[in-house]
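Q: This is what each chain is made of:
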Amino acid sequence: MYYPEPISKLIDSFTKLPGIGPKTAVRLAFFVLNMKEDDVLDFAKALVNAKRELTHCSVCGHITDQDPCQICSDHTRDDALICVVQDPKDVIAMEKMREFNGRYHVLHGAISPMDGIGPEDINVPDLIKRLKDDKVEELILATNPNVEGEATAMYISRLVKPSGIKITRIAHGLPMGGDLEYADEVTLSKALEGRREL
Amino acid sequence: MYIEHITLTHYRNYPSLTLEFDPKVNVIIGENAQGKTNLMEAIYVLAFTKSYRTSKDKELVMWDESYAKIEGTVFKRNYHIPMEMQFQSKGKTAKLNHLEQKRLSHYIGALNVVMFAPEDLNLVKGSPQVRRRFIDMEIGQVKPVYIYHLGQYQKILKQRNHLLKDLQRRKTTDITMLEVLTDQLITHASEILIRRFLFLDLLLKWARPIHQGITQNKETLTIDYDTSIEVEKTAPIETIKQIYQETFKHNQQKEIDRGTTLYGPHRDDLIFYVNGRNVQTFGSQGQQRTTALSLKLAEIELIKNEVGEYPVLLLDDVLSELDRHRQSHLLNTIKDKVQTFVTTTSVNDIEHQTIQTATIFHVDNGQVICEERREH
Ligand SMILES: Nc1ncnc2c1ncn2[C@@H]1O[C@H](COP(=O)(O)OP(=O)(O)O)[C@@H](O)[C@H]1O
Ligand SMILES: [Mg+2]
Ligand SMILES: [Zn+2]
Numbered sequence: 001m002y003y004p005e006p007i008s009k010l011i012d013s014f015t016k017l018p019g020i021g022p023k024t025a026v027r028l029a030f031f032v033l034n035m036k037e038d039d040v041l042d043f044a045k046a047l048v049n050a051k052r053e054l055t056h057c058s059v060c061g062h063i064t065d066q067d068p069c070q071i072c073s074d075h076t077r078d079d080a081l082i083c084v085v086q087d088p089k090d091v092i093a094m095e096k097m098r099e100f101n102g103r104y105h106v107l108h109g110a111i112s113p114m115d116g117i118g119p120e121d122i123n124v125p126d127l128i129k130r131l132k133d134d135k136v137e138e139l140i141l142a143t144n145p146n147v148e149g150e151a152t153a154m155y156i157s158r159l160v161k162p163s164g165i166k167i168t169r170i171a172h173g174l175p176m177g178g179d180l181e182y183a184d185e186v187t188l189s190k191a192l193e194g195r196r197e198l
Numbered sequence: 001m002y003i004e005h006i007t008l009t010h011y012r013n014y015p016s017l018t019l020e021f022d023p024k025v026n027v028i029i030g031e032n033a034q035g036k037t038n039l040m041e042a043i044y045v046l047a048f049t050k051s052y053r054t055s056k057d058k059e060l061v062m063w064d065e066s067y068a069k070i071e072g073t074v075f076k077r078n079y080h081i082p083m084e085m086q087f088q089s090k091g092k093t094a095k096l097n098h099l100e101q102k103r104l105s106h107y108i109g110a111l112n113v114v115m116f117a118p119e120d121l122n123l124v125k126g127s128p129q130v131r132r133r134f135i136d137m138e139i140g141q142v143k144p145v146y147i148y149h150l151g152q153y154q155k156i157l158k159q160r161n162h163l164l165k166d167l168q169r170r171k172t173t174d175i176t177m178l179e180v181l182t183d184q185l186i187t188h189a190s191e192i193l194i195r196r197f198l199f200l201d202l203l204l205k206w207a208r209p210i211h212q213g214i215t216q217n218k219e220t221l222t223i224d225y226d227t228s229i230e231v232e233k234t235a236p237i238e239t240i241k242q243i244y245q246e247t248f249k250h251n252q253q254k255e256i257d258r259g260t261t262l263y264g265p266h267r268d269d270l271i272f273y274v275n276g277r278n279v280q281t282f283g284s285q286g287q288q289r290t291t292a293l294s295l296k297l298a299e300i301e302l303i304k305n306e307v308g309e310y311p312v313l314l315l316d317d318v319l320s321e322l323d324r325h326r327q328s329h330l331l332n333t334i335k336d337k338v339q340t341f342v343t344t345t346s347v348n349d350i351e352h353q354t355i356q357t358a359t360i361f362h363v364d365n366g367q368v369i370c371e372e373r374r375e376h
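Residue numbers (full-length UniProt numbering), protein chains in the order written: chain A, 1 to 198; chain B, 1 to 376.
There's no promise every hint is true.
[What the hints assert, rightly or not] One-sided excerpt, in silico: chain B residues whose CB lies under 7 Å from chain A:
id	residue
1	Gln154
2	Ile156
3	Val180
[Said to hold, decoys possible] Taking lysine-lysine pairs in the BS3-like style, the calculated list, with each CA pair at most 25 Å apart, reads:
id	chain 1	residue 1	chain 2	residue 2
4	B	Lys90	A	Lys9
5	B	Lys165	A	Lys89
6	B	Lys205	B	Lys233
7	B	Lys92	A	Lys16
8	B	Lys249	B	Lys165
9	B	Lys90	A	Lys16
10	A	Lys23	B	Lys58
11	B	Lys92	A	Lys23
12	A	Lys23	B	Lys69
13	A	Lys161	B	Lys241
14	A	Lys161	B	Lys233
These are calculated hints, taken from the structure and not from any lab test.
Cβ coordinates follow ideal geometry from the N, Cα and C atoms, glycine included.
The following block holds chain A by itself, in its conformation from the complex (with noise of 0.2 Å):
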């Protein structure tokens, strides 16, 4: 089938997208031709922003427009504890279901030889110094269920361990071998409940 190129330069744009494939890509395409230009616009503009104007907070690694993000800068938030998660669609997700009120640490990962990835790739060596002047009574390792999560889990609890400080990992009603971000809210708050020391 021959497009011309700004039609194919959009399809294969929106190919790019997750869970999108050829046919999907093309239909969006052509939807977005039929669109008023304004909305095109703003479209456009939304996505560029989205890149320009974020970046990662210094001090959890979370996704924000001001640094430190709004909930390292939220004074009415619990110090004692941090929620240590793979990623920041794993800090929306406990946010929505607003029972956690303490600070995140966002991993960017898991440790993954295979991929070559070590512990220094996903900003373990900041969140151990930030245990070193910090108030923290409590680590919670919600990296994602597998094997991956699993083991990124029992890592950083093996270094911070001789810290004294107390490290629990979610544990419960988690699909094993499923990530967090499908998990819905009713389970993750009661693998938050469910919480076990390692």
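With the hints as your guide, set chain B with the ligands onto chain A.
A: Just chain B with the ligands now, kept in the frame of chain A:
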């Protein structure tokens, strides 16, 4: 249990095919390269989600087509259970009762299949992988949680081997991570080992009398599980874990030097003895075949005992490989109780009452014709 019907779409050399099966014996006749094995393979894939002939799912899809589908209904405990496997470039999906199953361990086991192909006559003589695959498949379909442990074990093993390579080449010096992966590996290694011990004990219980029957009480079969660690077969799981811990701790440097994991279920093997002598090294071809046959027949009884129903039996090109005596032993075992699929190039190769009353299918280049049932 038995398969009531099967529908293939773009599967190997079958563009589109629906067959109703006989609850007892189905004989599939055809020249070479017409699609007999493909049909058996389709049933196997419906049960296990993957082929025994290839690890590349893509090969199951008919050339120049984009997907392959196998649908079937299984009659089991008075229910008609629809099952479906579909393969496409993006991956495969498994459906049970029309619902997609995300985890293999929720799917495998719905249809129990025992396969006996010429390769299986190699069970005794072949490489350790052949024997490990045999126990893994058989335990997996009776105890689905075993598949979960096996899957986790393989993932961790891959990570651990990568880390050991990195340590060997001094790309990292992080022993803490090695300890973490060792702990993870041990958790699943112990679950696998304890289930293998239990399974082999059961298997031998069924296989020994069958083996004695075939050999007219002249031979006694024994199975030994050869582990990479020193452990009693009756040890509780805590002891197994502890022994693994000590073994890994003791051999840490050795594993780093070699850059790979040297202990664990992936290094274990089975050894078969007849009258106290190792069949693999000292047995005649006949003794090796009898052993393989006894194990397969034992599996049928074991599954019946564990699951409550007989599995489906697939005999691909194997009857003609067995002598009359072993043939009739096999056919007497399945008689009237096990749904069986037999392939052959000619029925004349097989003389037995079971076959004479079977439903016959003729395969010709991806087309199948069911022969009208002969009146007796
Ligand atoms: N993916 C495929 N697409 C089309 N034909 C295939 C595919 N894979 C195998 N075949 C064909 O299937 C035939 C082999 O069928 P098989 O069942 O092994 O034969 P047999 O009847 O001897 O057991 C061959 O003719 C081969 O070319
Ligand atoms: Mg064949
Ligand atoms: Zn922050």
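Q: Run every hint past the structure and note whether it holds.
A: Outcome of the hint check:
Violation of the interface hint for glutamine 154/B is found here, the shortest Cβ-Cβ separation to chain A being roughly 10 Å, above the 7 Å cut-off. Taken as an interface hint, isoleucine 156/B checks out: its beta carbon lies about 6 Å from the nearest beta carbon of chain A, inside 7 Å. Restraint check, valine 180/B versus chain A: the minimum CB separation of about 4 Å is within 7 Å; hint holds. With a CA separation close to 23 Å, the supplied pair lysine 90/B and lysine 9/A stays within the 25 Å bound.
At most 25 Å may separate the alpha-carbon atoms for a hinted pair to count; lysine 165/B and lysine 89/A exceed this at roughly 33 Å. For the given pair, lysine 205/B sits about 15 Å from lysine 233/B by alpha-carbon distance, which is consistent with the 25 Å threshold. Taken as a hint, the lysine 92/B and lysine 16/A pair is honoured in the structure, with Cα atoms around 22 Å apart against an allowance of 25 Å. Among the hinted pairs, lysine 249/B with lysine 165/B is consistent with the structure: their alpha-carbon atoms are about 17 Å apart, no more than 25 Å.
In summary, the hint linking lysine 90/B to lysine 16/A is supported, as the alpha carbons are separated by about 15 Å, within the 25 Å threshold. Taken as a hint, the lysine 23/A and lysine 58/B pair is honoured in the structure, with Cα atoms around 21 Å apart against an allowance of 25 Å. Straight-line distance between C-alpha atoms of lysine 92/B and lysine 23/A comes to about 19 Å, which keeps the hinted pair within the 25 Å bound. Under the criterion of a C-alpha separation no larger than 25 Å, the hint pairing lysine 23/A with lysine 69/B is consistent with the structure, at around 21 Å.
In summary, the hint linking lysine 161/A to lysine 241/B is supported, as the alpha carbons are separated by about 23 Å, within the 25 Å threshold. For the suggested pair lysine 161/A and lysine 233/B, the alpha carbons sit about 36 Å apart, so the restraint of at most 25 Å is broken.
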